[in-house]
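Visitor: Following the hints, complete the assembly by docking chain G onto the known chain R.
The chain contents come next:
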Amino acid sequence: MVRPTLRAVALLAFALSLAAADAAASGSGGNNASPAPAGGAANPAASRAANDDAALTNGKVRIAEENGDRGYRQPKTAAYADTRVKMMKRQVLEEYVKFLAPLKLPKTLWVYVDECDGGDGASPYYSPDNRALVMCYQFMKTMEDRAALITQAEAKNPKFFPMKVTRDGFLAGVFAGVILHETGHALFDVLDVPIMGREEDAADEISTFVALQFQPKLADVVVAAYADVGETFANPPTDAPDPKAADYPKDKTEQCFADPFCAFADVHGTWGQRFYNTLCLMYGGNPQHYGFLLTGGWLPKNRDCPAEYAQVRHAFAKTIYPFIDTDLMAKVQARAWFKVNELK
Amino acid sequence: MRRPTLAAAIVSLMQWLVLAAATAAPQLNIGYGDAPADDAALAHAHDILVKSQALEELGSFLNPLRLPTDLNIRGDACGGAFRRPYDSTTKTVTICYEMIARILDVAKAQTSASDQDRNQAIVGTIVEALFHETAYALFDLFDVPIWGRVDDAADRLTAFVMMQFGEDNARTTILGAALFFNWSARTWTGQDFASTEAPEAQRFFNFLCIAYGGDPIAFDNLKTNGALPEYRSAQCAKEYQQVRKAFDLRLMPFIDPDLLVKARARTW
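These protein sequence lines map, in sequence, to chains R and G.
For the first sequence, the working numbering gives the first residue as 1, with consecutive numbering after it.
For the second sequence, the working numbering gives the first residue as 1001, with consecutive numbering after it.
Where hints are given, some of them may not hold.
[As the list claims (entries may be wrong)] Incomplete in silico selection of chain R near chain G, CB under 10 Å:
# : residue
1 : Thr238
2 : Pro241
3 : Pro260
4 : Ala263
5 : Asp266
6 : Thr270
7 : Leu299
8 : His314
9 : Lys318
[What the hints assert, rightly or not] To spell it out: a stretch of chain G is covered by chain R in this simulated footprint if at least three of its residues, at any positions, have a beta carbon under 8 Å from a beta carbon of chain R; those stretches are:
#  : stretch
10 : 1111-1123
11 : 1149-1158
12 : 1185-1193
13 : 1222-1232
[As the list claims (entries may be wrong)] Below, simulated PhoX-like cross-link-like pairs (lysine-lysine); rule was C-alpha separation at most 25 Å, straight line:
#  : chain 1 : residue 1 : chain 2 : residue 2
14 : G       : Lys1238   : R       : Lys107
15 : R       : Lys156    : R       : Lys141
16 : R       : Lys250    : G       : Lys1223
17 : R       : Lys252    : G       : Lys1238
18 : G       : Lys1245   : R       : Lys107
19 : G       : Lys1238   : R       : Lys318
20 : G       : Lys1245   : R       : Lys104
Keep in mind that the hints were calculated from the coordinates and are not lab data.
Cβ coordinates follow ideal geometry from the N, Cα and C atoms, glycine included.
One chain only, chain R, in its complex shape (with noise of 0.2 Å):
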């Protein structure tokens, strides 16, 4: 049956995704050669794995290069410059082509890192226009300010998020989850993938499934990263604003979501339902490991978890799962991508 080779596909693309979380996270630039810590170490191929990387290729995934940037854009702004750095040094877009190698796309994704247009709050993003996938380097500027705040909370109340995460791990699990998230928009879009929800939920499903795919300390880091940044993001305000109030935003769009009812116009669920999607998946996905979301009072015992995420592998096992290469997902599953820091 399918179970296998699913999960060989959810390693690769949450290997992929947290080979990118580690070089943008850690500045100490390490390379692929060192050891795998945990990750593919489990699996018996594994020793053998670190010489198959040569069969990782895909002519359908590329790096977008434009003079000579291997895809690693010139930031317009100077902080960015080290980021990007570390980046390359990591390899990230290099080793994301290499997880996205077993998949069978009919036609070519492209993918390259920018300092994007949207500011400081820019993420990364899916384009259907060049069919490319766009990893921010404001990003991970953005999350290191969340992982500060994270840990703070975390120290004053244990309790305040379902697990308990670490910087470096957040850092790496959140990076992971959001490139999965857009990896499944881009999926949708390639793969003419037949959406009857919402696709932002659906992208959410996406990123959860294949990460718990991966062994649970491997999957923990990724599921904790994308549960507790959800808790730190509001839901939708309870009270009407004062359009005469000083802060009362000018832009529109900014005004709809200051309003009670407005704001529920948004394509994504709120923070509160994307929250608790992902902790339902987690213990809809292995009941044992995450069964304290059930009794620690994180999830409603009348919510059917078991059910939606066997609707997830469903979908999951009839849209996408056709387009893999069983053989190359194998070798993919066998690699070794983690770093040590990011696992504790």
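Guide: Chain G only, in chain R's frame:
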């Protein structure tokens, strides 16, 4: 040799299938449970469903479907709950009298609304409830892969179907349901967001977006009067096309196209 045996097996299987099809074509069964004798509101809801023949109409509406098994659609009292989940074992969709009673209550409480608006909300929301609950059955019967939350998928399919029967029907049903979501919107906080159901305001925008995205001419006012904020209305054509694609790929193969045309040409 294997080949003759396999061929024989296929022939006998086909004979059996033909026989089975001739003896038991899948049926769509409509039925009603009793309303509790001591509950006037539920008795009224029961009477409205029976007299309006809403379920029978839904049955005719589903006629173009090539059902793989029997499907049961029942009005019933649900012990105080507004919804009873679709039962995939017995293939039963339930419309709760409690939901019908609630729709009537919410509309009745809008004393400053016009009669026309109240009626539109009642009709639109009853149709919405019928389609929404039936969507779960279609997802099950036709093994539809569902990306995203299933309750939203049921809403999007509902809104999409509402758009296929002319602009007048689309206005009545979609704008009627949207009125109801607006009137019944409550404040959501904290663990409210753990619900598998979407907040009323979210559903309001999801329905209007499918309407505007599917027919920006007939529903132009949703953009001009500000019901849909600009940043959402800009995405609605894509949202509509996305649902359309999912419908075409995953449900259309189970629908008789000629009967579908007749259903679309009929006055509902």
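Visitor: Work down the list of hints and note, for each, if the structure agrees.
Guide: Comparing the hints with the structure gives:
no.: 1; hint: Thr238; result: 5 Å, holds
no.: 2; hint: Pro241; result: 15 Å, violated
no.: 3; hint: Pro260; result: 7 Å, holds
no.: 4; hint: Ala263; result: 8 Å, holds
no.: 5; hint: Asp266; result: 8 Å, holds
no.: 6; hint: Thr270; result: 6 Å, holds
no.: 7; hint: Leu299; result: 7 Å, holds
no.: 8; hint: His314; result: 6 Å, holds
no.: 9; hint: Lys318; result: 4 Å, holds
no.: 10; hint: 1111-1123; result: violated (count 0)
no.: 11; hint: 1149-1158; result: holds (count 6)
no.: 12; hint: 1185-1193; result: holds (count 8)
no.: 13; hint: 1222-1232; result: holds (count 5)
no.: 14; hint: G:Lys1238 with R:Lys107; result: 20 Å, holds
no.: 15; hint: R:Lys156 with R:Lys141; result: 23 Å, holds
no.: 16; hint: R:Lys250 with G:Lys1223; result: 19 Å, holds
no.: 17; hint: R:Lys252 with G:Lys1238; result: 22 Å, holds
no.: 18; hint: G:Lys1245 with R:Lys107; result: 19 Å, holds
no.: 19; hint: G:Lys1238 with R:Lys318; result: 23 Å, holds
no.: 20; hint: G:Lys1245 with R:Lys104; result: 22 Å, holds
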